[in-house]
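Residue numbers (this note's numbering), protein chains in the order written: chain V, 43 to 137; chain L, 6 to 144; chain E, 1421 to 2154.
None of these hints come from the bench; they were simulated from the model.
The beta carbon of each residue, even a glycine, is placed where N, CA and C say it ideally should be.
Accuracy of the hints is not assured; some may be wrong.
DSS-like mimics (lysine-lysine), calculated; alpha carbons at most 30 Å apart, straight line [said to hold, decoys possible]:
no., chain 1, residue 1, chain 2, residue 2
1, E, K1686, E, K1804
2, E, K1968, L, K78
3, E, K1686, L, K78
4, E, K2057, L, K62
5, E, K1804, L, K112
6, L, K112, L, K62
7, L, K78, L, K62
8, E, K2057, L, K78
9, V, K86, E, K1758
10, E, K1686, L, K11
11, E, K2057, E, K1968
12, E, K1968, E, K2056
13, E, K1686, V, K86
14, E, K2033, E, K1968
15, L, K62, E, K2056
16, E, K2033, E, K1872
17, L, K62, E, K1968
18, L, K78, L, K112
19, L, K11, E, K1758
Here are some chain E residues the structure puts well away from chain L; computed CB gaps all over 10 Å [what the hints assert, rightly or not]:
no., residue
20, T1567
21, W1647
22, P1906
23, S1956
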Amino acid sequence: MTLIIVIALVAIVALFVTHPLRRGVAARANLETEVRTADLSTAKEDKYREIRDAEMDRRTGKLSDADWRVLDRQLRAEAVEILHDLDELQPPADA
Amino acid sequence: MDPARKRRIRLVVALSAALLLAAGLAYTSFNASSEAVTPTQLLASTATGRTFQLTGKVVDGSIVHRRDGISFKVRDRVGTTAVPVNYSGTIPDPFRDGREIIITVRKHGAGYTGERDTLITKCPSKFSDTPAPTPGTPA
Amino acid sequence: MATIGQACLLIALGLCVYGAGASIHGGRTGQEAWIVSGRRALFAVAGVVVVAFILLESAFLRSDFHYTVVATHSSTTTPWYYRLAAMWSSQEGSLLLWLTLLSVWSSVALLVIGRRMRDVVPYATAVLLGFGAFFSALLIFTAQPFTRVAVAASEGIGLNPLLRHPSMMIHPVMLYSGYTLFTVPFAFAIGALIVRRVDSEWIRATRFYTLGAWLALSIGVLLGARWSYAELGWGGYWAWDPVENASLLPWLTGTAFLHSAMVQEKRGMLKVWNASLVLATGVLCIIGTFLVRSGILDSIHAFVQEGNTIAWAFTSLICVLIGTSVYLVVSRRGDALKSEASLDSALSREAMFLANNVVLVAIAFVVFWGTFFPLISEAVTGTKSAVGPPWFDRYIVPLALLLVLLTGIGPVISWRRSTLARLWLQLRGPVVVAAVVTVLALALTQAADNLKAVALFAAAAFSISIAVQELWRGTRARQAMTGSGPGRAFVTLIARNRRRYGGYLVHIGIAVMFVGVAASTAFQHSQDVRLRPGQSATVGGYTFLYAKPTARIGQRAGELERIELGSVIRVTRGRRYVTTLRPNRGYYPINAPAIGALTRYFEGESTSEIGLKAGAARDLWIAQRTDITSFTPIIKKGDRLFAKAAQAGLPARTQSLLLGQALRGLVARYVAEAPGAQFRILVSPMVFWLWIGAVLLVLGGLIAAWPTGGGLSGRARARVSARVARDVRAPATP
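Isolated chain V, as found in the complex:
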């Protein structure tokens, strides 16, 4: 009885693990682009968040208005750069 259970267990596990190999999932294409796009998208989100946080810092008095204007302009320029890089990778329909 024990033996049967063990054999069944091994069989189930083996089938489960080797399933993708037997089905022969296609090799991935364009990993470079995919990874780069993912990177840039998260960078964009980070930058947006940073812009919003800077606004909050100004409102709570951590940044003077003058400092904030400089910082905000810098951050927006960085965001634009990221958007440009993204555009180069993606079809423009997504923009």
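Chains L and E: place on chain V using the hints.
Showing chains L and E alone in chain V's frame:
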């Protein structure tokens, strides 16, 4: 000065400060430490006024309760050499005859005095060597 | 069942080895099929290991003493919920728990990460499976949980009574969850370094696990401290014991990482530092497990007497981990780990985070050095020496002070650069509060005797008032922006910035805890005293009167579990009645009839149940050490009588009836004669706040770690992206 050079200098200064502090720490730890000894080693050592971290087993039947604490004897893990220790402070729950203990001691006259609250009893991983069938249980 | 359990472990080892190979192969060749297969191997490991875990737990629940590990760590008199916990009081069971948590947590991580980071995932999977292979190999070759004996013992040895405490059921699980959760960011850091993609992506992808690990580890450490305070007849909560330190080390580096990771996310800086921190944290988690499981350092928690094989295995693993980590960081230092920005100013949030990191790592270094000093000194001087708590305190107290100050300044300083004038605007309120607290403490209490404590009070007041001010100003700004009421603004403020405000709550918790620690160590009154009924002792203005002795025979499932010999203590202050405390000492029988039929009921383990009256101003704490030496002659006499009776062939049933009578007689005699007992009495001011701070810390951690959300709300995102879009269309406008 160009920024790269400036950064390098800052890094070197920070690292040497850290190293200096670490060295100081290391130095004091050697001074403040107490040597870990067995009863045999403790008896052999002549240094007075220093503290030692004594490890060994409590000699069976040697524990005496006094008003201000306890006294007991500690022997080598293997062997019979034993030293008497006076101690006041917390007594850990598992402390009893035959248990392995660690205590920080200082020479005091003919015997040794344990520093307050330094007595540590090792948790025995097993209560006895073999589980034995229980005899009758109280009804 | 045992065979199936053993088979599960073997299958797990096979799967780990296969899966690691498949993942690496898939990662190198880019063949998706192998990568997916490697991932599935990890899921399958979780499946079979959970089966093994359940099989072993059910053996504990059934009290199946065919299993050696059950017979030596559980008994029928152990309550069922402690039987579950008894599993991880054993070497084998706790390694199985490690493996279970590792496989489950890493499976969850891979499922959630899904299709993100597809280049890093295969290597991370391989690292996680590598850990799995290590622990399943240990379970197969050295610490076998499914070892059986042909003839079962009729009764087990039982769970060590010291461990019969609710927090001890959760404490190991939490610590191990922390350790295993930290292996997820560790594995992803390794993967990211291998493929040279060390941007903030791996930090973001694993942030939830880092926060979760930090939270679990915090809970574990705090429960351990609570257990020590409430269960051990010692009254302390931290002793700089190697095993405690081992759990604190990854907590410290993990805390440092949580802060410096934000700098990398925001500024693309500190990449080498972050990678090193997370790798160090992962290694320290393994070292922590190793210290607990190998008994290499003298500790109260010497769970095992000798573990040579395990020690060697762990040492090799740690060497491999350190070697790999150092190699990866050093070889990637030039390109992938290059910083994207540099520190603009020493007056900036990132500089404060850096300072906080330096302090945390310095604390970690001190703790590490002190913990491993016996090994270091043996290597250097040839003699094994150890450093005690005073040595730790000397360094940790000033560093902790600095840390609390930094938790105050950090949040109010802006990113990139700030000015002293700006900073002063933020700090002046809290500085005034801190000054007032200092003056009040000096004027109204005896705090002047202990300036270290006063400094900590001031720093804590400073830090707490800054956090409160932050919440206040944030709410006000939000009110002004959205026009909503203060309550709503407060809630949305926190909900929209959970990580930030959760973090502030953690800061408050830490500061409150430090207040509790400082007050209770600096101003504690303690006394060890021997009392007989009617006698009293006065400690810290409170009079503790030994009113009368108590005794009780505790039974479970028709068997004697323990004999409790205790006392009723009446506490008064002046003429005013305060409370009644009932400490006792529980004697658990030992399973060795040879030492005497009666003696065995008193020579087993014994534990103190403390009497505790907790309060915001002070805790009254008392532990009793019952002295039954005067009963030894009677007990020995009883032993001899029962030995004779057994020889004479008295029926077992009669014997057991007589034994019950004898024990009841002994207990009644104890109450009547009431020999003196040793008491340890503590009056600890404000120690209560340590636990309040702990609860706040956990709450803050929960707010910060709670999954989903945390990103920009739809509206805020639209607003920001519209502003940026304007720039895209007209890049020239400033």
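Here is how each hint holds up against the structure:
A hinted pair counts as satisfied when its Cα atoms are at most 30 Å apart, and K1686 (chain E) with K1804 (chain E) does not qualify at roughly 46 Å. Distance restraint check for K1968 (chain E) and K78 (chain L): the Cα-Cα separation of roughly 33 Å exceeds the 30 Å cut-off, and the hinted pair is therefore not satisfied. For the suggested pair K1686 (chain E) and K78 (chain L), the alpha carbons sit about 62 Å apart, so the restraint of at most 30 Å is broken. Taken as a hint, the K2057 (chain E) and K62 (chain L) pair is honoured in the structure, with Cα atoms around 28 Å apart against an allowance of 30 Å.
For the suggested pair K1804 (chain E) and K112 (chain L), the alpha carbons sit about 19 Å apart, so the restraint of at most 30 Å is met. Distance hint between K112 (chain L) and K62 (chain L) is fulfilled; the C-alpha atoms sit about 19 Å from each other, no more than 30 Å. Note on K78 (chain L) and K62 (chain L): the hinted pairing holds, with a Cα-Cα distance of about 8 Å set against a maximum of 30 Å. Between K2057 (chain E) and K78 (chain L), the direct Cα distance comes to roughly 27 Å. Compliance with the 30 Å bound is thereby established for this hinted pair.
A C-alpha spacing of about 20 Å is found between K86 (chain V) and K1758 (chain E), which places the hinted pair at or below 30 Å, so the restraint holds. Under the criterion of a C-alpha separation no larger than 30 Å, the hint pairing K1686 (chain E) with K11 (chain L) is consistent with the structure, at around 24 Å. In summary, the hint linking K2057 (chain E) to K1968 (chain E) is supported, as the alpha carbons are separated by about 27 Å, within the 30 Å threshold. Taken as a hint, the K1968 (chain E) and K2056 (chain E) pair is honoured in the structure, with Cα atoms around 26 Å apart against an allowance of 30 Å.
The straight-line distance between the Cα atoms of K1686 (chain E) and K86 (chain V) is roughly 11 Å, inside the 30 Å bound, and the hint therefore holds. This hinted pair checks out: K2033 (chain E) and K1968 (chain E) have alpha carbons roughly 19 Å apart, not beyond 30 Å. Restraint check: the Cα-Cα separation between K62 (chain L) and K2056 (chain E) comes to about 24 Å, which is no more than 30 Å; the hinted pair holds. Taken as a hint, the K2033 (chain E) and K1872 (chain E) pair is honoured in the structure, with Cα atoms around 27 Å apart against an allowance of 30 Å.
For the hint pairing K62 (chain L) with K1968 (chain E), the CA-to-CA distance comes to about 35 Å; that exceeds 30 Å, so the pair is violated. In summary, the hint linking K78 (chain L) to K112 (chain L) is supported, as the alpha carbons are separated by about 14 Å, within the 30 Å threshold. Taking the CA atoms of K11 (chain L) and K1758 (chain E), the gap is about 17 Å. The hint holds against a cut of 30 Å. At roughly 14 Å, the least C-beta separation between T1567 (chain E) and chain L is larger than 10 Å, which holds for a residue marked as non-interface.
Distance to chain L confirms W1647 (chain E) as a non-interface residue, since its nearest Cβ pair spans about 13 Å, more than 10 Å. P1906 (chain E), annotated as away from the interface, keeps every beta carbon of chain L farther than 10 Å; the closest lies near 45 Å. No Cβ of chain L comes within 10 Å of the Cβ of S1956 (chain E); the nearest lies about 16 Å off, and the non-interface call holds.
Of the numbered hints given earlier, the model fails hints 1, 2, 3, 17; all others are met.
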